[in-house]
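Given next are the chains, with one letter for each unit.
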Amino acid sequence: AQTVTQSQPEMSVQEAETVTLSCTYDTSESDYYLFWYKQPPSRQMILVIRQEAYKQQNATENRFSVNFQKAAKSFSLKISDSQLGDAAMYFCAYRIMNFGNEKLTFGTGTRLTIIP
Amino acid sequence: GAVVSQHPSWVICKSGTSVKIECRSLDFQATTMFWYRQFPKQSLMLMATSNEGSKATYEQGVEKDKFLINHASLTLSTLTVTSAHPEDSSFYICSARDAGGARFSNQPQHFGDGTRLSIL
Chain Y
239 AQTVTQSQPE MSVQEAETVT LSCTYDTSES DYYLFWYKQP PSRQMILVIR QEAYKQQNAT
299 ENRFSVNFQK AAKSFSLKIS DSQLGDAAMY FCAYRIMNFG NEKLTFGTGT RLTIIP
Chain X
2 GAVVSQHPSW VICKSGTSVK IECRSLDFQA TTMFWYRQFP KQSLMLMATS NEGSKATYEQ
62 GVEKDKFLIN HASLTLSTLT VTSAHPEDSS FYICSARDAG GARFSNQPQH FGDGTRLSIL
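Line by line, the protein sequences give chains Y and X. Numbered continuously in the working numbering, the first sequence closes out at residue 354. Numbered continuously in the working numbering, the second sequence closes out at residue 121.
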């Protein structure tokens with residue numbers, strides 16, 4: 239079974255600084271997707287960034303980027319120039335790349351606090 | 002695009018009543034929707050996969066008769082918590098992905114705002 243581990247229950251960063259959130263996963267599959275979702279106090283789950291395992295290039299979305307290490311099964315999220323609006327729970331998620339099996343497996347989350 | 006609406010956002014009811022939660026895809030057709038449950042300070046756990054026009058697929062340990070899912074149209078799935086009890090109190094979130102009408106897709110899931118259910 240696939241598992242997703244986020245070893246940092248809480249993180250904090252000074253506004254405008256950079257922070258990295260860790261995620262590791264366990265799978266025997268070679269093709270899969272990885273995601274980072276953000277859940278602010280409003281509780282809505284917002285897709286931050288997505289990575290396909292077959293792509294060697296790390297995904298980037300504006301201030302958000304990932305460091306995908308397939309061999310190490312690591313998928314960290316880097317937030318640059320942190321803003322107050324980045325404060326939220328961040329969940330790492332895994333999904334096998336397989337039609338008919340779209341189950342998302344989530345990590346336990348990291349609560350990110352932005353210090354003004 | 003890819004907006005998912007969930008209603009109601011918060012419901013409080015007495016023990017023994019049934020509660021219906023709606024999940025709508027507003028600007029796309031969703032042949033498949035997903036229902037999650039989230040306990041306080043915990044992660045999301047998939048409860049079931051809702052398929053338009055067919056029976057839902059439930060995850061192991063989820064009671065089918067307790068959590069009834071109906072996906073009668075391409076834009077609406079409903080979750081009914083039957084004979085709700087205090088232990089059913091939780092945050093329920095639905096998601097859907099824009100597959101262009103196809104049954105399967107590798108598009109990312111987009112989530113509704115969630116429903117906070119409190120059973121007294």
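Since the hints were made in silico from the structure, they are not lab data. The C-beta atom is built at its ideal place from N, Cα and C for all residues, glycine as well. One or more of the hints may lead you astray.
The calculated BS3-like cross-link candidates involving lysine-lysine, where the alpha carbons are at most 27 Å apart (straight line), are [as the list claims (entries may be wrong)]:
#  : chain 1 : residue 1 : chain 2 : residue 2
1  : X       : LYS67     : X       : LYS42
2  : Y       : LYS293    : Y       : LYS311
3  : X       : LYS21     : Y       : LYS341
4  : X       : LYS67     : X       : LYS56
5  : Y       : LYS308    : Y       : LYS293
6  : X       : LYS65     : X       : LYS15
7  : Y       : LYS341    : Y       : LYS308
8  : Y       : LYS316    : X       : LYS65
9  : Y       : LYS341    : Y       : LYS316
10 : Y       : LYS341    : X       : LYS15
11 : Y       : LYS308    : X       : LYS21
12 : X       : LYS15     : X       : LYS42
13 : Y       : LYS311    : X       : LYS42
14 : Y       : LYS341    : X       : LYS42
15 : X       : LYS21     : X       : LYS42
16 : X       : LYS42     : X       : LYS65
17 : X       : LYS67     : X       : LYS15
18 : Y       : LYS293    : Y       : LYS316
19 : X       : LYS21     : X       : LYS67
20 : X       : LYS67     : Y       : LYS341
21 : X       : LYS21     : X       : LYS65
For the chain X half of the interface with chain Y, some residues (derived, Cβ under 8 Å), not all of them [stated by the list, open to error]:
#  : residue
22 : PRO41
23 : SER44
24 : LEU77
25 : PHE92
26 : ILE94
27 : PHE112
28 : GLY115
Exercise. Given the hint that Y:LYS293 pairs with Y:LYS311, does the C-alpha gap stay at or below 27 Å?
Worked result: holds, 14 Å
For this session: Have a go at the X:LEU77 hint: is there a Cβ in chain Y nearer than 8 Å to its own Cβ?
Result: violated, 19 Å
Exercise. Between Y:LYS341 and Y:LYS308, does the CA-CA distance stay at or below 27 Å?
Worked result: Status holds; Cα separation ~20 Å.
Exercise. When you check the alpha-carbon spacing of Y:LYS311 and X:LYS42, does it fall within 27 Å?
Worked result: holds, 25 Å
Problem set entry | 27 Å Cα cutoff - pair X:LYS67, X:LYS42 | Status holds; Cα separation ~24 Å.
Exercise. Hey, does the X:PHE92 contact hint survive, CB to chain Y under 8 Å?
Worked result: The hint holds - X:PHE92 has a Cβ within 8 Å of chain Y, the shortest such distance being about 6 Å.
Exercise. CA of X:LYS15 to CA of X:LYS42, is that 27 Å or under?
Worked result: Holds: X:LYS15 and X:LYS42 sit about 24 Å apart, inside 27 Å.
For this session: Starting from X:LYS21, check that the Cα of Y:LYS341 is at most 27 Å away, please.
Result: Holds, at about 23 Å.
Problem set entry | Hint consistency between Y:LYS308 and X:LYS21 [alpha-carbon to alpha-carbon, up to 27 Å] | violated, 42 Å
For this session: Given the hint that Y:LYS341 pairs with X:LYS15, test it: the Cα-Cα distance must not exceed 27 Å.
Result: violated, 32 Å
For this session: For the pair we were handed, X:LYS21 and X:LYS42, check the Cα-Cα distance against 27 Å.
Result: holds, 24 Å
Exercise. Is the Cα-Cα distance between X:LYS67 and X:LYS15 27 Å or less?
Worked result: holds, 16 Å
Checked against the numbered hints given earlier, this structure breaks hints 8, 10, 11, 22 and 24; the rest are met.
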